[in-house]
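Participant: Here are the chains, one letter per residue:
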Amino acid sequence: MDDYVIEMLHITKEFPGIIANDDITLQLKKGEIHALLGENGAGKSTLMSVLFGLYTPEKGVIKKDGKEVTIKNPNDATDLGIGMVHQHFMLVDIFSVLDNIILGAEPSKFGFLTKKEAKKKVLALSDKYNLKVDPDALIEDITVGMQQRVEILKMLYRDNDILIFDEPTAVLTPQEIDELMKIMKNLAAEGKSILFITHKLNEIMEVADRCTILRRGKYIGTVNVAETTKEELSSMMVGRDVKFAVDKEEAKPGKEILRVENVCVKSKIHQNDSVHNVSFNVREGEIVCIAGIDGNGQTEFIGALTGLDDISSGTIKFMGDDITHKSIRYKNTHGMSHVPEDRHKHGLVLDYTLEENMILQRYFEPEFSKNGFIKKNEMREYSDKLTEDFDVRSGRGAQTIVRSMSGGNQQKAIIAREMDRDHKLLVAVQPTRGLDVGAIEYIHKEIVKQRDEGCAILLVSLELDEVMNLSDRILVMHDGEIAGEVDPKNTTLQELGLYMSGAKHDERKEVFK
Amino acid sequence: MKENTSFFKKPAVQTILASILCAVLGIVLGYIILLCMNPAHATEGMVAILKNFFKFSGKPQQLMYYLGSTLVKAVPVILCSEAILFAYKAGLFNIGAAGQYTVGILASLYTSLALGWNWFFCLLAAVCAGALWGAICGFFKAFCNVNEVIAGIMLNWISLYICNIVLGNETCMNTTKSETYDIAAKNPSGILPGFLQGVFGNNQYMTIAVPITVIVAVVILVILSKTTFGYELKATGHNKDAAKYAGMNAKRNIILTLVISGAISGLAASLYYLTSIEHYKIASSVPGMGFSGIAVAFLGGLHPIGAIVAGLFVEYITLGGQYLNTNYFNPQVADLMIAIIIYLCGFVLFFKTIINKPKKVQKSNAEADKNASAKKEVQR
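Residue numbers (the numbering used here), protein chains in the order written: chain A, 1 to 513; chain B, 1001 to 1380.
Hints are computed from structural coordinates only; laboratory data are not their basis. Take these hints with a grain of salt, some might be off.
[To be verified] Restricting the straight-line Cα-Cα distance to at most 25 Å, the calculated cross-link-like pairs of lysine-lysine (DSS-like) are: (1) B:K1281 to A:K370; (2) B:K1240 to A:K345; (3) B:K1010 to A:K370; (4) A:K375 to B:K1240; (5) B:K1089 to A:K385; (6) B:K1226 to A:K370; (7) A:K376 to B:K1010; (8) A:K268 to B:K1010; (9) A:K266 to B:K1234; (10) A:K326 to B:K1244; (11) B:K1251 to A:K268; (12) B:K1251 to A:K345; (13) B:K1244 to A:K424; (14) A:K376 to A:K424; (15) A:K266 to B:K1010; (16) B:K1240 to A:K266; (17) A:K255 to A:K326; (18) A:K345 to A:K266; (19) B:K1073 to A:K326; (20) B:K1234 to A:K345; (21) A:K268 to A:K30; (22) A:K317 to A:K424; (23) B:K1073 to A:K376; (24) A:K424 to B:K1010; (25) A:K317 to B:K1073; (26) A:K376 to B:K1240; (27) B:K1089 to A:K345; (28) B:K1073 to A:K375; (29) A:K375 to B:K1226; (30) B:K1089 to B:K1234; (31) A:K375 to B:K1089; (32) B:K1244 to A:K376; (33) B:K1226 to B:K1251; (34) B:K1055 to A:K376; (35) A:K266 to A:K30.
[Unchecked claim] Just a sample of chain B residues kept apart from chain A, beta carbon distances all over 12 Å, derived: (36) N1052; (37) M1064; (38) K1281.
Just so we're clear, the structure is a prediction, and the values are computed from it rather than from any experiment. Backbone N, C-alpha and C fix where the C-beta goes; we use that ideal spot for every residue, glycine too.
Turn these sequences into a full structure, and let the hints guide you.
Facilitator: Given below as structure tokens:
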């Protein structure tokens, strides 16, 4: 029999109305990298919450080193040596690396911190696993990749030997991802066991030894990665074959729709600009993508473009009309659609029903209102039409409270709303964030369809696969500026990575096309 | 997905159950207090409070008279709670309702006693004064980002002292008793027209205030649930970032909401004082009606019609204090019970959670949710 460090056997966890985990078994061998793959809502998070003692399963047992254990709360999990690197780091920005690592497990003598020994231990660990960090640097000064290493060191410092990585590559550049893959292999070689939660099949193929696939709360299977292919994994995950490449023809750009000139946006935190002198244009029938690492001014730029944030200088022209200082309502009603980056903050009123969210920007239009009263029947019909056209699934149809819907369906609802509105420009920020392969395929197809119908599309994405597959032109943003423009057909991920990390920066002559 | 159609799972039913639970608990605690004060007569006292004006059930004339009084006295607290819940739906906590109510008293009594206006114009003056007070608060919130609670509390005190100064002279007030004159004697045209006084045992205080209150509640219900304005307000209240994204004018809505809320508070004051059932006395603290309104709004499940029921209940218990045998008890025990009920109102949500999640496993879900949301906070 194999040596399993952690076994979760026949775990069943029910929520009112839904079975989140249905008889799921996950066995983690010592020293292996085990990927956990599944669509959104497949039950990965629930399973991890069970392992961390946040949920009590109805059925099933958890075994550590073959002995049955009960995990009632996260402290029990920590005592068993289970640690997790969260997708969003849990670090205190203004503390040093060392302070963050020892936070919660501070070594002390008579109530005084004994940081010297802690530092020695951290440095030793950092040497052993080749995790380069400067213990005295402040978190806010170091790169995202380094912050992730701090998170990993945090787990090692606590002598955890079961490490869970929750979608760790979402915020990294290609170079940093390579680095992380090496680190993970290193850790496994040193005898740590790793659970790797991800959507990205490439990464599984590269580092994982075995992979467990969940679909809709059910256990589909565990495969040896060496004996499988990407295609097989994805069809196991989605339940059907999925195409990776986006089918699209050559773009046929028409006249200019959006023209952005020298746009600057003041930073809310620092003195300097978070967006500096950004100029470009988007024509009808093309998809222009702004690529870049999270936090390089994309959010601020889109805020200035759509009106959510103030613009400090520059002009924005939309179909020849100067809309620099126009209201959001004006932009909404004059042909700009916006799929926002944060669907919970901006895109939806979570406590409203689906139908109420479907008319969020249009409730006052004659189609949906009369004498200040909302036409409930028209609202219902419109919502039903959209949910059918875009296959938005919800528990109670138009009357479902949006908060109770899955993330993927919430996003589909927003996409449906924005695509159906009268528009010439679609601003889509991370339209597929957190979605599974099937939904991504669908949304990509819709975006290409919009393009072919003559819509101008400005896409902002952190997913390089999406950037490469979908766009007709790529602008790379670094540190608030456009670092370069590349043609997706004549570039490589490595080149993009160089632009994204600021290693390459073009003095651009030809700004507009 | 399975749909839960059980009667007790409906949110509306749960809200009502939670509110009733609060009321019952308040009464039980009140009984315990009576027991501590005077065990021998506690039951008798409790019965007197609960039986209230029904002790006249043999005499229909008197029964209806006291029922009428209860309705009239419930008017201001119901309207204040309508004002508060209206603002609350738009995400604003209008603690300034107390001040808006005070300027309403000021405007209605001054126009009536000093200027001798007709009741309709006195009413209008109070509505405008309340609206203005709300507008000031809204202006600070919208343009200077001053929290409406802070601005409201400041304005509460300002309104109190202005009211004391303006009404505290001989044109409006019997200075020896330091309370305002009776409108009926000084300016009969300032009294609100009667409403079904014959039915309510010739109760002269029974005026159009009562039906107006019901109308206001219904109008608020319609605005909130049927109109585009209500749609905007609730969207802003639930998620102001999404409201901004949708192109709604946040500044305008903030001011408008507080203006309307203030107008309702002002109306509350005028509908009460213009019946002449009570006179304004120089006070050292802001009239509590606006604050009781907060509790009533929550006890009524933040529903315009629920507020009417809750307001009537609160007033019923308060007035029940009069029927206590003063040899054994201080009538303020009733106030104490109301205070307890109001205190428990804060737990309406808590009770709702308990009703909602009776099983142990499900309770751990709630904790996990809490953990998850706490985590999210940390991430921000």
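Participant: Does each hint hold? Answer for all of them.
Facilitator: A quick look at each hint next to the structure:
Our distance criterion of 25 Å between C-alpha atoms is broken by B:K1281 and A:K370, whose separation comes to about 48 Å. Restraint check: the Cα-Cα separation between B:K1240 and A:K345 comes to about 9 Å, which is no more than 25 Å; the hinted pair holds. For a cut-off of 25 Å, the pair hint linking B:K1010 to A:K370 is broken: about 31 Å separates their Cα positions. With a C-alpha separation of about 23 Å, the suggested pairing of A:K375 with B:K1240 holds against the 25 Å cut-off.
Between B:K1089 and A:K385 the alpha-carbon distance is near 29 Å, which puts this suggested pair outside the 25 Å criterion. A C-alpha spacing of about 11 Å is found between B:K1226 and A:K370, which places the hinted pair at or below 25 Å, so the restraint holds. Note on A:K376 and B:K1010: the hinted pairing holds, with a Cα-Cα distance of about 22 Å set against a maximum of 25 Å. Of the pairs offered as hints, the one joining A:K268 and B:K1010 is violated, with about 44 Å between alpha carbons and a cut-off of 25 Å exceeded.
Restraint check for A:K266 and B:K1234: the C-alpha separation of about 32 Å exceeds 25 Å, so the hint is violated. For the hint linking A:K326 to B:K1244, the alpha-carbon distance of about 14 Å falls within 25 Å, and the restraint holds. Taking the CA atoms of B:K1251 and A:K268, the gap is near 21 Å; set against the 25 Å cutoff, the hint holds. For the given pair, B:K1251 sits about 19 Å from A:K345 by alpha-carbon distance, which is consistent with the 25 Å threshold.
For the hint pairing B:K1244 with A:K424, the CA-to-CA distance comes to about 21 Å; that is within 25 Å, so the pair holds. Proposed proximity of A:K376 and A:K424 is contradicted: the alpha carbons are some 28 Å apart, above 25 Å. Distance hint between A:K266 and B:K1010 is unfulfilled; the C-alpha atoms sit about 48 Å from each other, more than 25 Å. Proposed proximity of B:K1240 and A:K266 is supported: the alpha carbons are some 23 Å apart, at most 25 Å.
The hinted pair formed by A:K255 and A:K326 meets the criterion: a straight-line CA distance of about 22 Å does not exceed 25 Å. A C-alpha spacing of about 22 Å is found between A:K345 and A:K266, which places the hinted pair at or below 25 Å, so the restraint holds. At roughly 51 Å between alpha-carbon atoms, B:K1073 and A:K326 are farther apart than 25 Å, so this suggested pair is violated. Of the pairs offered as hints, the one joining B:K1234 and A:K345 holds, with about 15 Å between alpha carbons and a cut-off of 25 Å not exceeded.
With a C-alpha separation of about 47 Å, the suggested pairing of A:K268 with A:K30 is violated against the 25 Å cut-off. As the CA atoms of A:K317 and A:K424 are separated by approximately 13 Å, the hinted pair is consistent with the 25 Å bound. For a cut-off of 25 Å, the pair hint linking B:K1073 to A:K376 is broken: about 38 Å separates their Cα positions. For the hint pairing A:K424 with B:K1010, the CA-to-CA distance comes to about 43 Å; that exceeds 25 Å, so the pair is violated.
For the proposed pair A:K317 and B:K1073, the alpha carbon gap of about 61 Å is over 25 Å, so the pair is violated. For a cut-off of 25 Å, the pair hint linking A:K376 to B:K1240 stands: about 23 Å separates their Cα positions. Taking the CA atoms of B:K1089 and A:K345, the gap is near 18 Å; set against the 25 Å cutoff, the hint holds. With a C-alpha separation of about 38 Å, the suggested pairing of B:K1073 with A:K375 is violated against the 25 Å cut-off.
Under the criterion of a C-alpha separation no larger than 25 Å, the hint pairing A:K375 with B:K1226 is consistent with the structure, at around 8 Å. Annotation: proposed proximity of B:K1089 to B:K1234 holds, straight-line Cα distance about 6 Å (limit 25 Å). Taken as a hint, the A:K375 and B:K1089 pair is honoured in the structure, with Cα atoms around 21 Å apart against an allowance of 25 Å. With a C-alpha separation of about 23 Å, the suggested pair B:K1244 and A:K376 falls inside the 25 Å cut-off, and the hint holds.
Among the hinted pairs, B:K1226 with B:K1251 is consistent with the structure: their alpha-carbon atoms are about 22 Å apart, no more than 25 Å. The suggested pairing of B:K1055 with A:K376 is violated, with an alpha-carbon distance near 48 Å, which exceeds 25 Å. With a CA separation close to 51 Å, the supplied pair A:K266 and A:K30 exceeds the 25 Å bound. With a cut of 12 Å on Cβ distances, B:N1052 stays outside the contact zone with chain A, its closest approach being about 39 Å.
Listed as outside the interface, B:M1064 is consistent with that label: its C-beta sits roughly 39 Å from the nearest C-beta of chain A, beyond the 12 Å cut-off. No Cβ of chain A approaches the Cβ of B:K1281 within 12 Å, the least distance being about 42 Å, so the stated non-interface status holds.
Hint compliance for this structure: hints 1, 3, 5, 8, 9, 14, 15, 19, 21, 23, 24, 25, 28, 34, 35 are broken, all remaining hints hold.
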